[in-house]
Amino acid sequence: MEVAEGTVLSVEQFKGQALSWQIQGGVIEVSLHREPCNELGSLSLLELEKFASALDDLEEDAHALILSSELKCGFCAGADLRELYERSLSMGKTEAARGVRDFLERIHHVLNRIDAAPLTTIAAVHGVTFGGGFELALVCDLIIADKMARFCFPELRLGLIPGFGGIPRLKRDLGNAVVRDLLLTGRSFNATKAQQIGLVSQVVAEGESLRAARATAAQMGKFDRQTAIAAKQFIKPIPAVELQKEIDIFCELFSRSAVQAGLKKFVESTDARPYLP
Amino acid sequence: MQTAEQTLEEILTLAAAHFKVQREKLSPDADFFKALGIDSLQTLDLLTRLENHFHVELPDYELQGVTDFRTLAGKIQARL
Chain A
1 MEVAEGTVLS
11 VEQFKGQALS
21 WQIQGGVIEV
31 SLHREPCNEL
41 GSLSLLELEK
51 FASALDDLEE
61 DAHALILSSE
71 LKCGFCAGAD
81 LRELYERSLS
91 MGKTEAARGV
101 RDFLERIHHV
111 LNRIDAAPLT
121 TIAAVHGVTF
131 GGGFELALVC
141 DLIIADKMAR
151 FCFPELRLGL
161 IPGFGGIPRL
171 KRDLGNAVVR
181 DLLLTGRSFN
191 ATKAQQIGLV
201 SQVVAEGESL
211 RAARATAAQM
221 GKFDRQTAIA
231 AKQFIKPIPA
241 VELQKEIDIF
251 CELFSRSAVQ
261 AGLKKFVEST
271 DARPYLP
Chain B
1 MQTAEQTLEE
11 ILTLAAAHFK
21 VQREKLSPDA
31 DFFKALGIDS
41 LQTLDLLTRL
51 ENHFHVELPD
61 YELQGVTDFR
71 TLAGKIQARL
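Heads up: the protein sequence lines correspond to chains A and B, in order.
According to the working numbering, the residues represented by the first sequence are 1 to 277, in order.
According to the working numbering, the residues represented by the second sequence are 1 to 80, in order.
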C-alpha cells in the first residue's frame with residue numbers, strides 16, 4: 001500500500017517527510033530519509049517530537065529501538081545550516097537568538113527522552129555522521145557502524161560548539177583527552193578509529209549496520225526487561241546540568257558576528273569541499 | 001614497506017574501480033575532484049576507503065589544498 005507522507009497510520013507506524021517509524025517484534029525502527037543527507041531542521045524536529053510523543057505508547061510493546069538512515073550519503077550530516085542561516089537573516093538579532101534557543105531546548109527534550117528511554121537503543125550508522133547527526137547517534141546506548149561510517153564535530157569551523165548535547169554525552173562515554181581531540185581539531189575519523197576509542201561497539205561490512213543492529217536488538221529481547229531498565233538507569237545517567245550549560249554557551253557564541261560569517265561562508269560556498277576543513 | 005609509486009598506483013586503481021572511471025583516464029597529477037567527478041561527501045567516502053585500504057588514519061585537514069593523486073599518495077605514504 002502506498003502511504004502518504006506525514007501520515008500517522010497508527011502509533012505503531014508513521015511515515016513522514018524526514019523520518020518514518022514502525023514497530024515489529026518488540027523493536028522500534030526509526031529511519032531517517034530527508035534529502036540531501038538528513039539535515040536536522042524544523043521539519044525533522046517536528047517529526048522527532050511526534051516520535052517522542054508516540055514513544056510513551058510504543059515502548060509498552062518494545063524492548064529495543066534502532067535509529068538508521070535510508071539515504072546512501074550516510075546517517076546524518078547534522079543541523080540544517082542553510083535553514084539556520086536563512087532564518088537568522090530574516091530575523092533581528094534578538095529574535096534569531098531566541099529562535100535558536102527554542103530550537104535547542106526542543107531538540108534536547110526529544111534527545112533526552114530517547115536517551116533515557118527504557119529500551120536498548122542502537123544507532124546503526126553508515127557514511128556521514130557529522131555534528132548533530134553524531135549527537136543523535138550518541139543518544140543511543142550502542143553505536144553499530146559500517147566500515148564506511150565517518151564521524152566529526154565540525155562546529156568549531158563555524159565558531160560554535162556542538163549544540164545537541166554532544167559534548168556532555170561524549171564526556172559521559174569517553175575520556176576527556178579524546179573529547180578534546182575530536183572537538184578542538186574538528187577532524188573527521190572513521191569507524192575503526194571510533195571503535196578504538198570506545199565510541200562504536202561493532203564495526204561491520206559496508207551496508208551491514210542495520211542487519212547487525214537487528215541481530216543485536218533480537219538478542220536484547222531474550223533478557224528480562226526490568227533488569228535491562230534498571231541496568232540502563234544505573235550506567236547511563238543524563239548529564240542534565242552540562243546539557244543546559246551547553247545550550248547557554250552555544251547561544252552565547254551564536255550571537256557573535258563570526259558565526260554569521262561562518263554560516264554565510266558555508267551556505268554560499270561554491271567550493272566542492274564544504275564538508276572538508 | 002611499499003614504495004610511493006606503489007601507493008600511488010593503488011590509489012588510482014581503487015579510485016577508478018569505486019567511482020567507475022577507466023584507470024587509464026586517471027593520471028597521477030590529475031585533479032581528482034574533476035577526474036572522478038566527485039563532491040565533498042564523495043571525497044570523504046574516498047578518504048575513508050583509502051584509510052581502510054592502507055590501514056592508516058589521515059586527518060581530513062591534511063587534505064586542505066590537495067587536489068591531485070600524487071600529493072594525496074604522498075600524504076598517505078607519510079603515514080604508512
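Just so you know, not all the hints are guaranteed correct.
[Unchecked claim] Straight-line C-alpha distance at most 27 Å; calculated BS3-like pairs for lysine-lysine: (1) Lys193(A) x Lys236(A); (2) Lys193(A) x Lys232(A); (3) Lys265(A) x Lys171(A); (4) Lys75(B) x Lys20(B); (5) Lys222(A) x Lys236(A); (6) Lys72(A) x Lys93(A); (7) Lys20(B) x Lys264(A); (8) Lys20(B) x Lys265(A); (9) Lys193(A) x Lys75(B); (10) Lys93(A) x Lys15(A); (11) Lys72(A) x Lys20(B); (12) Lys264(A) x Lys93(A); (13) Lys147(A) x Lys34(B); (14) Lys265(A) x Lys50(A); (15) Lys72(A) x Lys147(A); (16) Lys34(B) x Lys72(A); (17) Lys50(A) x Lys15(A); (18) Lys171(A) x Lys147(A); (19) Lys265(A) x Lys34(B); (20) Lys232(A) x Lys171(A); (21) Lys232(A) x Lys222(A); (22) Lys264(A) x Lys34(B).
[Unchecked claim] Here are some chain B residues pointing at chain A (derived, C-beta under 10 Å): (23) Asp29; (24) Ala30; (25) Leu41; (26) Gln42; (27) Leu44; (28) Leu47; (29) Thr48; (30) Arg49; (31) Glu51; (32) Asn52; (33) His55; (34) Tyr61; (35) Asp68.
[Said to hold, decoys possible] Far from chain A by the CB rule (all over 12 Å, computed), these chain B residues: (36) Glu5; (37) Ser27; (38) Ser40; (39) Leu50; (40) Glu57.
Keep in mind the hints are simulated off the structure, nothing from the lab.
The C-beta atom is built at its ideal place from N, Cα and C for all residues, glycine as well.
For the hint on Ala30(B), does the least C-beta distance to chain A fall short of 10 Å? 14 Å, violated
Interface hint compliance - Arg49(B) to chain A, C-beta minimum distance less than 10 Å: 7 Å, holds
Straight-line Cα separation of Lys265(A) and Lys171(A) no greater than 27 Å? 30 Å, violated
Taking only the CA atoms, is the gap from Lys264(A) to Lys34(B) under or equal to 27 Å? 25 Å, holds
Given the proposed pairing of Lys75(B) with Lys20(B), does the C-alpha separation stay at or below 27 Å? Holds. Lys75(B) to Lys20(B) sits at ~24 Å (cutoff 27 Å).
Given the hint that Lys222(A) pairs with Lys236(A), test it: the Cα-Cα distance must not exceed 27 Å. Since the Cα atoms of Lys222(A) and Lys236(A) sit roughly 21 Å apart, the hinted pair holds (cutoff 27 Å).
Regarding the assertion that Glu57(B) does not contact chain A, is the least Cβ-Cβ distance greater than 12 Å? 6 Å, violated
Is Lys193(A) within 27 Å of Lys232(A), Cα to Cα? Holds. Lys193(A) to Lys232(A) sits at ~25 Å (cutoff 27 Å).
Given hint Lys15(A) paired with Lys93(A) - CA-CA distance at most 27 Å: Given that 27 Å is the threshold and the Cα spacing comes to 36 Å, the pair is violated.
Regarding the assertion that Leu50(B) does not contact chain A, is the least Cβ-Cβ distance greater than 12 Å? Non-interface label on Leu50(B) violated, nearest chain A Cβ at 10 Å vs cutoff 12 Å.
Quick one, is the Tyr61(B) hint okay against chain A at 10 Å, beta carbons? 4 Å, holds
Lys193(A) paired with Lys75(B) [C-alpha distance capped at 27 Å]: The hint holds at about 18 Å.
Hints 3, 6, 7, 8, 10, 14, 23, 24, 35, 38, 39, 40 from the list above are not met by this structure, while the remaining hints are.
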